[in-house]
Amino acid sequence: MSGEEEENAAELKIGDEFLKAKCLMNCEVSLILEHKYEQLQQVSEDPMNQVSQVFEKSLQYVKRFSRYKNPDAVRQVREILSRHQLTEFELCVLGNLCPESAEEAVAMVPSLRTKGRTHDDDAIGKMLVDLSLVKKFE
Amino acid sequence: MFLKVELPWNVMIPAENMDAKGLMLKRAILVQLLEAFALKKATVELGYYLTVTTLDKIGEGKIREQTGEIMFPVVFSGVTFKIFKGEILQGVVHKVLKHGVFLRCGPVENVYLSSAKMLDYKFVPGENPIFMNEKMSRIQVETTVRFVVLATKWMEVDKEFQALASLQGDYLGPISEE
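In order, the protein sequences belong to chains E and P. Using full-length UniProt numbering, read the first sequence as starting at 1 and increasing by one per residue. Using full-length UniProt numbering, read the second sequence as starting at 1 and increasing by one per residue.
Bear in mind the hints are in silico, worked out from the structure with no lab data behind them. Be aware that a few hints might be false.
As the list claims (entries may be wrong) - Straight-line Cα separation of at most 27 Å, DSS-like style, residue types lysine-lysine; simulated pairs:
id, chain 1, residue 1, chain 2, residue 2
1, P, Lys40, E, Lys36
2, E, Lys36, P, Lys4
3, E, Lys22, E, Lys115
Stated by the list, open to error - Derived coverage of chain E by chain P (criterion: at least 3 residues anywhere in the stretch with Cβ under 8 Å from a Cβ of chain P; other residues may be distant):
id, segment
4, 28–40
5, 88–95
Where is the CB? At the ideal position from N, CA and C, for every residue including glycine.
Extracted from the complex, chain E is given alone in its bound form (with noise of 0.2 Å):
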């Protein structure tokens, strides 16, 4: 992070390293650490005492704020949101929060409405219709 610019994930200012970096979803953070905690089933009879509280916390909050649980669906969301020349910090705000119309995705991600982005609320509403049908036939 420069020191120049004030860190602001509202107008994308996070640091190029993390704009670059790849972001995950919860749904998506939930599928690796559960996957982690059931190998850690397989070898230890309380596993929970394996994991750091880092873990734990994590593993609590991802399951509770996961909209997509099958891992089918997890991975259409991110094909759907990567087809709209999104941040990855974006792709995973709106994966995250599961707006409802555009005038709340763009709320949610304010960088959508930057100078130069072609998002309008019609190529929003449909990308969150087509989110909504992967919720739905899930």
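Model the placement of chain P on the given structure of chain E, informed by the hints.
Showing chain P alone in chain E's frame:
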């Protein structure tokens, strides 16, 4: 936001754990790496360290003269959680005080939402105090709240992040569970 990161690390293996069979060595490296990773907890750059996902590269081991340990440079992938200013997140209320509420968000325990940042909500004292607005929307322990991050702070001693939250903005506030 959860991040997928690739990190270099140095793993120390005591000489007695060296084994002619390659698999045992890889196992020893992995066990050491997982232990070191769990102890690290968090850094100001990448946030909280959740888990190692893959061990991508094991370099050439070098013997350390004083201790006889072997040092292996490795590269692995893992998952971290970092909270960004301006980010919109969901959290769960775990404490209600007169001047505001504390939320838990992922591994972050202390996200503070001051009553000054939710002006339409009024404090209602009682055995289980709550915040409530004119539309009877309530914020109490276990309520899910969608908030925007106003500021973050890294506490080096505890290796923890703290954050200040606000409900001033569209589509922010308590959310009824589906």
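We went through each hint and held it up to the structure:
1. P:Lys40 x E:Lys36: Within the cut-off at roughly 18 Å; holds.
2. E:Lys36 x P:Lys4: holds (15 Å)
3. E:Lys22 x E:Lys115: holds (24 Å)
4. 28–40: Coverage by chain P holds for the segment 28–40 of chain E (5 residues, Cβ < 8 Å).
5. 88–95: holds (count 3)
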